[in-house]
Structures are given as structure tokens and as C-alpha cells.
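Following the hints, put chain B in place on chain A, whose structure we already have.
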Amino acid sequence: MSGNKAAIRGWTRTQSRLGRQAARPVVAFGLLSCLLGVGQAWCVASVLGHALVGLVSGAGANALALWPVFTFAVLAFIRALIMALSDTAAAKAGIDARRRLRGEVLASILTGGPALLRKTHSGELANIAVDRVEALDGFFARWVPASVLWYMAPILILLPVGFIQPYAALVLGLCGASVPFGQALFGIGAAMASRNQFLAMTRLQARFLDRVKGIATIVLAGRADDETQRLGQAADELRQRTMKVLRVAFLSSASIDCAMVIALVLIAIMDGRQAMALLSGGASPALTYTLTSGLFVLLVIPEFFAPLRGLALAYQDRAHAQGAATAILDLPEAQQRPSPEGARTVSASGIMISLEDVCFTWDPARGPALDHVSFTVPAGETLILAGPSGSGKSTIMELLLGFIQPDSGSVRLNGAPLESIVPDSLSRMVSWIGQRPVLFAGTLKDNILFARTDADEADLLAAVKAAAVDQFLPSLPDGLETRIGEGGFGLSGGQAQRIAIARAYLKNAPILLLDEPTAHLDPATEKSVFESLQRLALRRTVVLATHSAAVHMFNGRRVDLQAGHVAARQGAA
Amino acid sequence: MTPLDQTPPSPVIATSQVETGTPVLTDRQAIMRILGLWHKQVPRLLIGVMLALVALCLGLVLMQTSGLRLASSVLGEVVITTALLRWVGGGRVILRYAERLFTHDAMFRALADLRVWFFHSLAQGAAAGLGFRRAGDMLSRLVSDVGTLDGLYLRILVPFACACLTLPILVFQLGQQSILLAVLVGALFASSAFLVPYLIARSGRAEGERLGKSLAALRIGVLDLVGGLREIRAFGAEGRILSHVQADDASLLTGQMRLARRAAYANASAFLCGQAAIFLVLLAAAGAFSLHVSALAAVGSLFLTVASFESAAALTRAGLQAGAMGAAARRVVEVAAGGPSAAQVEAQTDAPTGTHIHLEGVKFRWSPQRPLVFDGLTLDIPAGARVAILGPSGVGKSSLAALLLKAAIPEAGSMTLGGEEISHIRADSLRRRIAWLSQATHLFDDTIRANLLLGRPDATEDDLWKALDDAAVADVVKNLPEGLDTWLGEGGIKLSGGQGRRIALARTLLTQAPILILDEPATGLDAQTEQDFLRTLNTVTEGRTVILIAHRLTGVESLDRIWRLSGGKAAAAAA
Numbered sequence: 179m180s181g182n183k184a185a186i187r188g189w190t191r192t193q194s195r196l197g198r199q200a201a202r203p204v205v206a207f208g209l210l211s212c213l214l215g216v217g218q219a220w221c222v223a224s225v226l227g228h229a230l231v232g233l234v235s236g237a238g239a240n241a242l243a244l245w246p247v248f249t250f251a252v253l254a255f256i257r258a259l260i261m262a263l264s265d266t267a268a269a270k271a272g273i274d275a276r277r278r279l280r281g282e283v284l285a286s287i288l289t290g291g292p293a294l295l296r297k298t299h300s301g302e303l304a305n306i307a308v309d310r311v312e313a314l315d316g317f318f319a320r321w322v323p324a325s326v327l328w329y330m331a332p333i334l335i336l337l338p339v340g341f342i343q344p345y346a347a348l349v350l351g352l353c354g355a356s357v358p359f360g361q362a363l364f365g366i367g368a369a370m371a372s373r374n375q376f377l378a379m380t381r382l383q384a385r386f387l388d389r390v391k392g393i394a395t396i397v398l399a400g401r402a403d404d405e406t407q408r409l410g411q412a413a414d415e416l417r418q419r420t421m422k423v424l425r426v427a428f429l430s431s432a433s434i435d436c437a438m439v440i441a442l443v444l445i446a447i448m449d450g451r452q453a454m455a456l457l458s459g460g461a462s463p464a465l466t467y468t469l470t471s472g473l474f475v476l477l478v479i480p481e482f483f484a485p486l487r488g489l490a491l492a493y494q495d496r497a498h499a500q501g502a503a504t505a506i507l508d509l510p511e512a513q514q515r516p517s518p519e520g521a522r523t524v525s526a527s528g529i530m531i532s533l534e535d536v537c538f539t540w541d542p543a544r545g546p547a548l549d550h551v552s553f554t555v556p557a558g559e560t561l562i563l564a565g566p567s568g569s570g571k572s573t574i575m576e577l578l579l580g581f582i583q584p585d586s587g588s589v590r591l592n593g594a595p596l597e598s599i600v601p602d603s604l605s606r607m608v609s610w611i612g613q614r615p616v617l618f619a620g621t622l623k624d625n626i627l628f629a630r631t632d633a634d635e636a637d638l639l640a641a642v643k644a645a646a647v648d649q650f651l652p653s654l655p656d657g658l659e660t661r662i663g664e665g666g667f668g669l670s671g672g673q674a675q676r677i678a679i680a681r682a683y684l685k686n687a688p689i690l691l692l693d694e695p696t697a698h699l700d701p702a703t704e705k706s707v708f709e710s711l712q713r714l715a716l717r718r719t720v721v722l723a724t725h726s727a728a729v730h731m732f733n734g735r736r737v738d739l740q741a742g743h744v745a746a747r748q749g750a751a
Numbered sequence: 045m046t047p048l049d050q051t052p053p054s055p056v057i058a059t060s061q062v063e064t065g066t067p068v069l070t071d072r073q074a075i076m077r078i079l080g081l082w083h084k085q086v087p088r089l090l091i092g093v094m095l096a097l098v099a100l101c102l103g104l105v106l107m108q109t110s111g112l113r114l115a116s117s118v119l120g121e122v123v124i125t126t127a128l129l130r131w132v133g134g135g136r137v138i139l140r141y142a143e144r145l146f147t148h149d150a151m152f153r154a155l156a157d158l159r160v161w162f163f164h165s166l167a168q169g170a171a172a173g174l175g176f177r178r179a180g181d182m183l184s185r186l187v188s189d190v191g192t193l194d195g196l197y198l199r200i201l202v203p204f205a206c207a208c209l210t211l212p213i214l215v216f217q218l219g220q221q222s223i224l225l226a227v228l229v230g231a232l233f234a235s236s237a238f239l240v241p242y243l244i245a246r247s248g249r250a251e252g253e254r255l256g257k258s259l260a261a262l263r264i265g266v267l268d269l270v271g272g273l274r275e276i277r278a279f280g281a282e283g284r285i286l287s288h289v290q291a292d293d294a295s296l297l298t299g300q301m302r303l304a305r306r307a308a309y310a311n312a313s314a315f316l317c318g319q320a321a322i323f324l325v326l327l328a329a330a331g332a333f334s335l336h337v338s339a340l341a342a343v344g345s346l347f348l349t350v351a352s353f354e355s356a357a358a359l360t361r362a363g364l365q366a367g368a369m370g371a372a373a374r375r376v377v378e379v380a381a382g383g384p385s386a387a388q389v390e391a392q393t394d395a396p397t398g399t400h401i402h403l404e405g406v407k408f409r410w411s412p413q414r415p416l417v418f419d420g421l422t423l424d425i426p427a428g429a430r431v432a433i434l435g436p437s438g439v440g441k442s443s444l445a446a447l448l449l450k451a452a453i454p455e456a457g458s459m460t461l462g463g464e465e466i467s468h469i470r471a472d473s474l475r476r477r478i479a480w481l482s483q484a485t486h487l488f489d490d491t492i493r494a495n496l497l498l499g500r501p502d503a504t505e506d507d508l509w510k511a512l513d514d515a516a517v518a519d520v521v522k523n524l525p526e527g528l529d530t531w532l533g534e535g536g537i538k539l540s541g542g543q544g545r546r547i548a549l550a551r552t553l554l555t556q557a558p559i560l561i562l563d564e565p566a567t568g569l570d571a572q573t574e575q576d577f578l579r580t581l582n583t584v585t586e587g588r589t590v591i592l593i594a595h596r597l598t599g600v601e602s603l604d605r606i607w608r609l610s611g612g613k614a615a616a617a618a619a
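Chains as they are written, first to last, in the working numbering: chain A, 179 to 751; chain B, 45 to 619.
Only chain A is shown next, with the shape it has when bound in the complex (with noise of 0.2 Å):
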């Protein structure tokens, strides 16, 4: 656990470091826009400190210059451009992040592979390249530009501010300087409150969603008013444990707050004092210098505050960033498969398999997947292997597409083990047929066309034709061009196969591998299925895992295994 926040802390550490390159512009312009700030309050406090004067020395107002009154607006402009190209920069900053860690991520689950789906579910992995990302916009685009601003803006505030009057700027500093201890005092309090509730509170947070979902379990079970009115009582109390939370953490905020007032009420308080004693000299330039000043420098105040605020309102976008992290951090690192030394191809036709005594264990506390398996298949023969799920059979097809690697022993094509192939030169060499085969958002071509993308439309339809395809295609609404897949078009698990068996054609690879492609067809549609892959069959090496008692239509050898060990042998295997 302490490792796991080592790391979620050093991720943290890296990720600022890049947001802070990337928001630089985000806070030279913060920085300008202050200082525009400081410049106006300069322009807007001249004004109305000469009018002052002019009313104690009577003069008429038409004496005042006009000048700092057309400054003021000339800086505003600046300034408003200045916050635009800022906003600006830090939504840029933001999406940058994003595309930078969405590629990450990414790259990671490729990386991972199948592997990945059996530790965690594709939803939840989608997720966090999707959801999770997202919502680490604030923590690029907010939080580490302010992160930065907080304590350079006030000080950069505070140097003309003590230049001017230097009892104000001291004033101004040691409440801006309490801020960051109320911040750390409040925040540390509102921690532990959330801490002692953190358990209930998920739970209760959690509550609402997870009777959503269950919605038809309840109401089936008749317990549905029940169920709100339980509903009711948890919001209640969830409402009333955030709220012991928020008592906590908004005493940070008004401690913001009350430092601002302070410093307001004390500079002016002090400033209108030594404004009277001056009076009585009657109008002088000290009179119009102490008015202008006091004017400058309330005017500052809610500009010294800001930077400060912001900060406080970013806080809420780091702990997004944690929670991110966490589930980042569970990725394995991306990296490009290491192309193995000596990487070498095979001959694309005529393949012959064999596995040496490989041994293979997913996770020590099951026992081992597969224990000491032998068998060969020669160049364009058939193998089926069966037996109960959970005996091996998908581990093995796994490793043939060197998704995973023996633990000991070794797999060979043609001789050559498995993992000195080039990778692209494997994945040529071999189709495979699973048990769902996975339709991808998009048109029913493009489907197929994903074996071989630079197909051309004669080879498409021979492998449409091949695969029984065609014969399905009158009933869907647009013909090949059907979109298919999520919001698609539904089709069933029989020409779902259909589709696989096309890409396997288009694909024309040597070596195919059926993972049990009916286990979850009728018999009828199990048949015919069967007899499109008996054609796919023909001249390539086949490895076919099933438990199908429709196998007979396959002639071949055939290897039973039980328990990750080979039970029985027919033929030659």
C-alpha cells in the first residue's frame, strides 16, 4: 500500500513537471495580466486621488488630466487580450495532457494484449483511457498553472506595493503569507474529517449507481418502494456526512476570505489616517501621494487575493489526478515488443507445428495451465485438441499466437521456436477463429477488409462467397455496406462467425486456429459452420480446440487433454 502511494506520488511529481513545461505561457500571461492589473489600479487611484485634492483645494475637476483615464483603458484591452490568449493557452495545455496520456494508455493495453483482459474487465479498461483521462483536464489547465501563480503573483503584487507604502505592503504580506497556513491548517482538519467518513461515505456515494443498475433485480423482487425510501434515508445521510467534510474545508476558503477583509479594513483604517493628519496642511503634493497610494493599493488587494483563491478553487483537480493515477499505474509499462535477435521468417507455406514439453502457469496458486504437453502437426493437417474447459486448450492457442510465452519448453514453426519470428511475419502466418468473434464499429466490409486492408474488391468477394456470407447479406438493410458493431446493426452469433471465417480467407495465412468457434452456436448453426471452416481447412495446418460432438466432420489427429496435461492420443499426434 505505501509502495502503491510512492508511486501514485512520484506519477503525480512527473506529471506537474510536464504540466508545468506546458503551462508556462498560462502563467507569463497570468503574471502580464497582473501586472496589467497593478498598472490600471495605478491609473484608476491617480485620477481619483487628484479629484480628492481638487475638492480640498477647490480647484475645479476641469484641471484634471485626462490622460490616466485613457491608459487605464488602453491597458484594459491589453489585458483583456492577454487573459483570452491565456485561457486559451491553459485549454491547450489541457488537451496536450490528455493527448499525450491517452496515447500512453493505450499504448499500454496494446502492449499488454489479450494478457490484460484476463486481470481486468475491457470496460473498466476503457474507462481509463476515456472517462479517466478526460477528467485530468482540470489538474493540466487548472492546477498546475495556479499551482505556480499562487505564490508568484502576490509577490510580484507586493514589490510595487512596497515601494509605495511599505507598512501596506507588510500588511498585505503577513495576511497573504497566513493564507497558505489557514490552507494547510483547514485542509490537513478537512482530510481527517473525510478520512474517518471515507469508508461510509464511498459506500453511500456508490449506493445510488449501484441500485440503479440493480433496478431489475429490485424491482422483480417486488422491493421497489422499499428500496427508495432506503434510498431516500442514504442520500440523507451521505448529505449530512459531506457536510461534516465541508464544514471543515470551507473554514480554507474563508480563511481567504477573512485575510482579504483584514488587510482591506487595516490599510484603509491606516491609510485614512495619515490622510487626516495631512489635511490640515492643506492640498499638497504629500496629501495627493498618500491619497493615490492608499487608493492604489486597496484597489491591489482583490488582485493579491485572486492567484490565491484560484488555487483554492484548483484543489479539488489534483485529487482527480489521483484517483487517474491509481488506476494508470496499473497498466503495464508500454513499450515496443522487443524484436528478438536474430529474428528470422519461415517459408509463408507448407507449416509444420510442434510444442516441446512446454509447460505453462498463469497464476502458482492454480497450478500450472499446462504441464509437460507434447504433440506436432505437419504441414497441412488438422489437429483437434479437446477436452473440458479449463484442460489447457485456450492456453495453447495462446501461445501459438504468442500472446504468452512457455514457461519451458519451446514451440516451433517449421522448427524455428516461436519467439525468434519476426512478429509481423507471425501474425501472417496465422489466422484465428475464437469463440465471439469481435465486430468492429464500422460498415460489414470494413470488417472484413480488416484482415487485409489493401484487399481488392475481387478477392473481397471470393472471400464473401467462400465463407457463406453471401448468403445472409439479403436480409441486412444496406447490404455490405450494413454498419455493424456497437450502435450497429445486431447480427447473430452464427454470421458473426460467418464474418471471421471471410477475414480468415481474405487473410489466406497457412496456419489457422480455431479457438472453439461454435461453443456458443445451435447445432444446426454449429453445422454449417463447420462445414465453411472444413473448406477454410483445406491445404493450411490446422490446430482446432472444441468439445463439440459435431468434431467427426474433421478428420485428423486429435490429442484430449485434462487438467493442462495430454490424456489420450489418436492418430499420429
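Check before you lean on any hint, since a few could be wrong.
Unchecked claim - What follows is a list of derived Cβ distance ranges for each label pair:
id, chain 1, residue 1, chain 2, residue 2, range
1, A, 659, B, 493, 48 to 56 Å
2, A, 367, B, 72, 39 to 47 Å
3, A, 363, B, 220, 43 to 51 Å
Hints listed in this document are in silico derivations from the structure and should not be mistaken for laboratory results.
Since we're looking at a predicted model, the values are computed, not measured.
Glycine included, each C-beta is placed from N, C-alpha and C at the ideal position.
Here is chain B on its own, set in the frame of chain A:
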């Protein structure tokens, strides 16, 4: 990725079905509807706004008095006393704190009401059907929509009320000096607080909708990538798929950049309005043109103007969020308010004691746009029989369960339970007679005890243990440190798939319903666990009607009759 073996209507289609089933609402109507739901909290919400207004007033007064305190020294007397400043300052801090606490509390109460209403409406309406069809993603999106609506009060209503109060104060105070100045500054304030937010809300709506679509496209692309990892690796398609997803990502991010740029311009224009107002006050102070204001009043006006426009800035942000909030409100109201049950006949009869089930010529489809699932389905299940209903995926096995439980209504045909039309039987009475267990049966993030009691609230400790024992999971529960009070799911222990199904089975057995519908109850279990589970079913369901819905049999089930579904009809198969 489309898991093909699930019931075909995807969440996307489910939404459109709901949308077509109800009159289309505008965002404004939806928001009014939500506000209408908050009627119980009106006093609190109003007090919250009042507190915000008083805190705002004190904020305005504080800036103004501190400016005047200094400026009035030129009169040679203390117009603003130190005590007044202290009171205003202290009051400002305390009220601001009180306001934040109170408005948040009121908002949480309002949100609680909204959640209860949403849950209740879902339970009454479309939800049974939706949940039945595992539209879990859509439901979780709706839940986050409900969460989004907290901003409606805090970020839109409260700042809006404050701006509405600030405008007359500003105009009145300035009007005492110069009517022209008051009118000009008032107009600037109105455009900063109302016009700019309104414009950005309106122009942002289309872009917001486009962004929603881009995000959905990205989500689908990523789901395809994750779900299709095997295919991608087997076909060596990493590069292609990645560039596809990155194109979706790019179009989302480009859209967000456009919106951000627009927001930046809106912020800058709101800022310029405020600056223009200050500029006018300065001109007046300098006596330029015909705007003439006394120096002292100018100081007061200036500080007031600065503070007023600062409070208006919150509304530009509100305008940006208004579109998202309106869309969220619309989705929530549409789903909660609509649904097929509206057309349901008022059923008054209690379920009869007989448990003979007979279906005759049943026609059914999930929505008028979709093909018929059943076309003349005829089925007979005698009391106490153990039957299996088989068929390939997508043939409507789960729809049959939905029909029997009245989670869906047939278009034609008759369905009787013990000789009584199911459509005449009250749903709650019917559901006490028929218990349902499927892969979609939800185990709640709650204690094991609470999960079981859902089946029968008045069950005794012994009943619970007997049910667990029947489901062959009692030993597992006994070995847990907290026994029945162990928390499942988030923040608790995670049971294995088989153990989870067994807890769900124990809950179903606990119901004492004479008819059990077991809809692919063993999906997701490995072969050995599946067989053990089905053997358990053989022994513990003695004396009840059992309807086992599956795509294949494993051979260990003991059955009286097997029906095979195909082409919308059922055919008897060998037992």
C-alpha cells in the same frame, strides 16, 4: 465490441426507443420539470439565495466603505467609522461561510429528492425493461447526469439571483449622482451578467452536442480496441486501430479547443464590459464630457462597480455549463417520465394459486422498429414441471422471461398463469409468485444479509442460513470474518463468479416463489463450477416449477420437458 450472445437491443437503441416513446422535451422544459421537483426544498433554496444576496451586499459595501473611509478623510471628519468597517468585514466573512454551507446543504437535499424521484420513476416505468436488457452503461451515464444537475442551483441559480439584485443596487447608487452614468453602467452590467452568458450558452449548445457525439465515438473506438485485442494482435492491426482511435481523439480535442476559444472570448468580453464601466466612472470623476460626479461619490461608485462586476463573472462560467446541464436534465426527465408502462392496462387481480403457465399465439417485439421476437409463440408449462427452453443467441429467450414477469408487454396473444391472464394480474403480486435469476441478476454493494433479505425481508437468521446451505455456499459465508454482515463489492470483499451466482441463487430460493425462471444462470462459470451449480439446482428446487433458459444443456440437468425456440415459435424437443 458487440458481445453477440447478449440480447440484441443495444443501449443506444434503447435510448432512441425511449425518446420516440415520449414527446420530445426542450432543455428548458426539462429544467423547469427538475425545478418543479424541488418544491419541498423551496424554503431552503430561497434562504440559501438570500444568504448569498446578503453576503454579496456586504461584499459590495465593504469595498465601497473601505474606499470611502480613505477618501472621506479629505472632508476632515470620519464618515465611515472603524467599527462599521469591522462589522461589515466580519459580517462578510461569516455570511460568506454560512452561505456556502447553507447553499450546499440545500443543494444536497434537492439532489436527494431528485435521486429518489428518478429511482422511483425508473422503477415504475421503462426501467424494468431497460435493466432487463442490461443497459447498464446507459443507466450509469444517467446517474452521472443526475450528479451534473447539482450545478443548476449552485452555479446558475444562485449567481443569477445575485446578479439580479446587484443590477438595481448599482443603478440606484450611481443614479443618485448621474442618471446617464447609471444607465450606461447598468447596460454594461446587464450585458456582462446576462447577455454574454446567454450568447455563449446558445452558441455553445450545438458545439456541446457535437462534443457529446465525438466523445461517444471515441468511447466506441476505445471499446473496440480493448475488446478486440485478440483480433488486433492476431491480424497485426495495432497501428491501424491506434490511428483510428487517435483520429477520434483528435476530433474530440479539436472540438474542445474550439469551445475553449469561444469561452475565452466570452470571458474577455465580460471583462471588457466591466472595464468599460470603470472607464465611464473614471471619466465622470475627471469631469469629462457631461458626466460629472463629485469626487467622493466617484470613489464610492468606483469601488462598488469593481465589486459588482467581479460577482458577475461567475455567470459567464454558468453560461458555459448551461448547455451541458440542459442536456443532462432532458435525458434524465425523458427516461424517468417516459416508458412503455404508461400504456399498461390497470391490473387489479391478485395472482391465482395455480401455477400452470400457458402461452398462446404470443407476438412480441421490443420496439415497433425492430423485427418480431415472437410470432405466434405457443408454450405450455404444467405446475411443478421442470422445463428447459433452448435456442441460439438472440432468439428471444430472455424476452420470454421479461414477458412472464410483465417487464414487457406482448402485442398479441394470451399468456395465462393458473388460468388468469397475466396482463390482469398486478405486477407485484405476479412477481411474488415468479422469481427470476439470471446473469443480469444484480448483487448489490451491500452486506450479504441485505442482499439475501431482498428476496424475503422477513426471513429469520435460520432461513438465511438454510437458503445459503441449499445454494451450497454456506461454508464460504461461515468462513468470512464477518459472516452474513460481510460487505460485498466496492469497499468489501469480491466473491468469485461461482460464489456470487450462488448467493444470488440463495436469494432466489429464499423468495418461496412457486415458479423459478433461471435465465442462463450459469453463464460466466467455468465448466466444473457450472455443472456443480446445475446439480445444486436439481436438488433444491424440488416441488417448484423451474423454467431453465439456456443456449445448450450440459447433461446434468434433470428435466421433464425441453422446448426449442426458433423463428419466433417454440417446438417441443425430446426430454
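Here's how the hints hold up against the structure:
Evaluation of the 48 to 56 Å hint for residue 659 (chain A) and residue 493 (chain B) yields a pass: the beta carbon distance comes to about 55 Å. Taking 39 to 47 Å as the suggested C-beta distance range, the pair residue 367 (chain A) and residue 72 (chain B) conforms, at roughly 42 Å. As the Cβ distance of residue 363 (chain A) to residue 220 (chain B) is approximately 44 Å, the hint placing it in 43 to 51 Å holds.
In terms of the numbered hints stated before, the structure departs from none.
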